[in-house]
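Mapping the sequence shown onto UniProt numbering, position 165 (from 1) lands on 165, and the numbers just tick up by one.
Mixed in with the good hints, there may be bad ones.
What the hints assert, rightly or not - In silico DSSO-like links for lysine-lysine, alpha-carbon gap of 30 Å or less:
no., residue 1, residue 2
1, 516, 674
2, 630, 567
3, 24, 57
4, 356, 454
5, 144, 46
6, 356, 241
7, 567, 516
8, 602, 434
9, 569, 549
10, 165, 128
11, 356, 515
12, 222, 245
13, 356, 567
14, 309, 222
15, 144, 309
16, 59, 119
As the list claims (entries may be wrong) - Okay, the calculated beta carbon distance ranges per label pair:
no., residue 1, residue 2, range
17, 188, 87, 46 to 56 Å
18, 690, 731, 41 to 51 Å
19, 245, 531, 18 to 28 Å
20, 245, 63, 56 to 66 Å
21, 151, 217, 46 to 56 Å
Keep in mind that the hints were calculated from the coordinates and are not lab data. Where a beta carbon is used, it is the ideal one built from N, C-alpha and C, also for glycine.
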Amino acid sequence: MADGNSRKRILNPILSFLAEPTPKAVTGGGKSAGGIEWSRLDSQQKILSENLRSIQKDKDLVDHSGKIHLLVKMFDDSLAPSWTPNDLFETNAATRIVTPAYNGFLVETSKDKIPDIIKRITSANTDKIKVDISRLKNIKGFDKNEVLRNKKEEEVFGEDTSTGKQFNVWALPFHDSKARISVAEELELLVDDGILTFGESNFDNIFSNDKNNNQNRSFSKKLSHYLASGHLSFTTVIQSKQDFKRLVCSGAIYRIEPVKPITTKSLPPGDGAEPSPKMINKDSAPVVVIIDGGCSAQSYVPLNVINIKPLVDIRSADLKHGNRVTSIVCQGSAWNNNLALPQLECKFVSVQAINKQGTLSQPTTEQFVNYLREVAEKTKGISSVWNLSFNEVSPTDNIDEISYLGHEINTIAREFSILPVISIGNVSSDNPSKLCPPADCEAALTISGRQANKTGGVDSACSESLRGPAPGGMKKPELSWFSKLRMIGGDIATGTSFSAPLISNIAAHTFKNIKKATPDLVKALLINKSEGTEHDLRIGWGTPWHESKSMPWLCEDGSVTLAWNSKLKAGSSYYWNDIPLPPEMIVDGKIKGEITLTAILKPLVSEFAGDNYFSTRLQCALQHVNAESKAKNLLGTMKESTQKEVDSRLELAKWSPVRHHAKTFSGVAVDSDKIRLYARIFTRDLYQFGYSTHHELDEQDVAFVLTFKSYNDNPSIYNSMKQRLHNKVEVATIEQDIDLDSHV
């Protein structure tokens with residue numbers, strides 16, 4: 001229990017590492033005869049040629065201005081970016097790869113060009129084309145079966161309802177301008193015929209007085225964007241199975257998924273006593289934006305720093321849940337003084353956007369997202385932490401694809417430098433394990449639940465909490481905390497809705513205390529501070545604060561933490577050389593103690609939110625270089641680049657933007673006290689962004705946190721590291737000397 005009665009002490013702030021890395025250009029290997037799978041080359045020439053002939057004869061395949069899409073799938077041993085079949089499908093006006101899709105690619109072409117592709121396959125006059133042929137499994141025409149992910153129309157649409165059904169839709173990504181015009185005209189026709197509608201107008205333009213900006217005009221603007229970029233996603237309300245069939249058969253869409261209702265859910269409450277919000281210091285407490293059912297609790301209303309126009313009316317809003325979450329964000333430790341929680345308090349911005357369960361009048365997902373974007377504009381500069389204690393009622397239908405809601409919240413978070421803290425969701429009779437959107441948001445900290453032990457500390461995973469992993473190779477959840485809590489009114493309830501506010505609270509304080517804080521740096525600090533060395537699908541890397549431990553912006557006794565942001569170019573290896581290994585960690589020529597490295601890349605992501613969601617990835621390792629200049633990895637195996645793609649995705653989460661390596665050392669011999677940090681950005685599928693090579697990419701943002709801990713908690717490790725790095729470090733916190741009497 002964090003009651004403030006422990007010993008008084010001054011702890012050391014984390015340090016900003018100022019050293020610039022040394023880049024070293026890397027030369028790629030490229031395709032060669034060594035990459036040809038000779039055992040299947042001849043058979044694949046026949047199979048692929050026959051695939052294409054069947055496509056050419058398919059009269060049901062819808063074209064747009066003569067253009068169609070081929071879905072080309074790779075063998076499992078050929079999923080690495082180096083096997084992209086861009087030599088067979090040359091990038092020209094007639095044929096080009098436009099986006100990754102389903103362990104393969106979408107290729108834009110026309111039926112009259114198919115004989116040319118067949119000729120290239122049968123002649124196979126270069127080694128690079130032979131490589132492509134031997135690694136391509138099959139080719140299909142992209143038709144309505146692929147749009148529905150090989151499900152039946154009735155299965156996806158379900159039963160008719162009196163109010164229609166919401167669907168998230170992605171348009172086909174044509175490169176050809178005439179094909180885009182054809183798609184736009186088809187979608188406009190569906191709007192004119194009443195097939196596509198966009199929800200109730202009262203959920204539009206919440207912050208605008210312009211009542212003339214109708215839904216169809218807004219959709220026309222989106223179509224104009226599609227004509228320029230080739231990307232379009234939207235939410236529509238479809239009234240009948242017949243209308244659904246017409247949309248699916250239009251040949252204009254790439255993906256469609258039914259919208260699952262958003263809900264807030266917990267177990268029945270109990271009773272208890274109520275602390276006073278009046279004790280919160282309104283001048284110093286940081287702010288959390290709470291996207292929930294609003295706040296009507298008069299005791300907390302004075303802590304709401306600005307008024308935001310609600311999306312849903314007060315009769316429909318889930319005010320009970322909103323009040324509960326608000327009380328935990330503001331005073332989680334005061335409500336739960338028998339649990340090991342830091343005494344941190346917050347103010348908030350209440351965003352009334354979530355309805356009670358069973359409310360018939362609901363905004364569409366797109367209306368909800370548009371509202372959140374306006375909220376981001378209104379709260380810019382007020383808070384960088386958003387608490388989202390809600391989830392869709394079930395997982396996405398295709399677990400390999402990122403949800404529309406998760407992707408759109410990610411887009412807002414990256415644009416406005418927000419750290420979303422999102423509950424992973426609670427188990428139900430229909431879904432005992434899989435996380436629910438928007439818990440698959442890349443930029444977010446996804447939070448699961450934990451039980452408390454007899455002394456008030458964290459224990460095992462909460463049985464009511466869903467679990468990871470997430471699509472796209474993401475490691476979710478990242479963190480976890482208590483899920484059974486006391487809250488406003490003395491109620492006791494269980495759910496990941498209540499774990500998330502605890503993390504939002506400490507994240508807001510971390511932002512407040514760190515110079516040059518970014519969402520990824522705060523995220524990395526919280527992960528780095530957690531106790532887990534390996535990721536757990538139930539609790540992530542653990543909990544970022546434990547009783548008698550320091551806050552994330554401070555160093556533990558006997559440890560020193562370096563934290564910094566960097567910008568790296570793809571195509572080069574970067575080295576932070578001559579980092580000193582603290583003498584407090586070297587015993588008889590061997591490393592003894594703990595080292596933890598956390599690095600987070602701000603990745604380039606696909607607008608189509610498929611299984612190849614990430615187009616950039618980070619690889620990093622902490623290395624010792626011996627007297628013979630040979631590097632040995634201390635943290636990070638770097639096997640991501642050497643193992644088969646399918647294995648490294650599964651075992652090493654190769655494309656996850658979060659890299660976390662931790663180890664307790666007891667006998668690794670070293671012949672010097674110098675180590676280095678290696679990092680490199682890799683890319684794939686850049687053609688979908690209009691890039692020919694990785695050299696056209698801007699520098700990529702990466703946040704690093706590196707912690708050294710002596711085996712015997714020797715406090716001198718902090719000063720020895722600070723002295724040896726000298727002007728390469730500075731104090732990273734706003735205040736250098738912090739009295740933690742009330743924080744331990």
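Against the structure, the hints come out as follows:
1. 516 x 674: 28 Å, holds
2. 630 x 567: 26 Å, holds
3. 24 x 57: 52 Å, violated
4. 356 x 454: Distance of about 35 Å is beyond 30 Å: violated.
5. 144 x 46: 26 Å, holds
6. 356 x 241: Holds: residue 356 and residue 241 sit about 28 Å apart, inside 30 Å.
7. 567 x 516: Given pair residue 567, residue 516 holds - Cα atoms ~14 Å apart, limit 30 Å.
8. 602 x 434: Roughly 25 Å separates the two Cα atoms, so the pair holds.
9. 569 x 549: Since the Cα atoms of residue 569 and residue 549 sit roughly 37 Å apart, the hinted pair is violated (cutoff 30 Å).
10. 165 x 128: Violated, at roughly 48 Å.
11. 356 x 515: 40 Å, violated
12. 222 x 245: 23 Å, holds
13. 356 x 567: 44 Å, violated
14. 309 x 222: 25 Å, holds
15. 144 x 309: Measuring from Cα to Cα gives roughly 41 Å; hence the hint is violated.
16. 59 x 119: 22 Å, holds
17. 188 x 87: 46 to 56 Å: 38 Å, violated
18. 690 x 731: 41 to 51 Å: Since the Cβ atoms of residue 690 and residue 731 sit about 43 Å apart, the hinted range of 41 to 51 Å holds.
19. 245 x 531: 18 to 28 Å: 53 Å, violated
20. 245 x 63: 56 to 66 Å: 19 Å, violated
21. 151 x 217: 46 to 56 Å: 34 Å, violated
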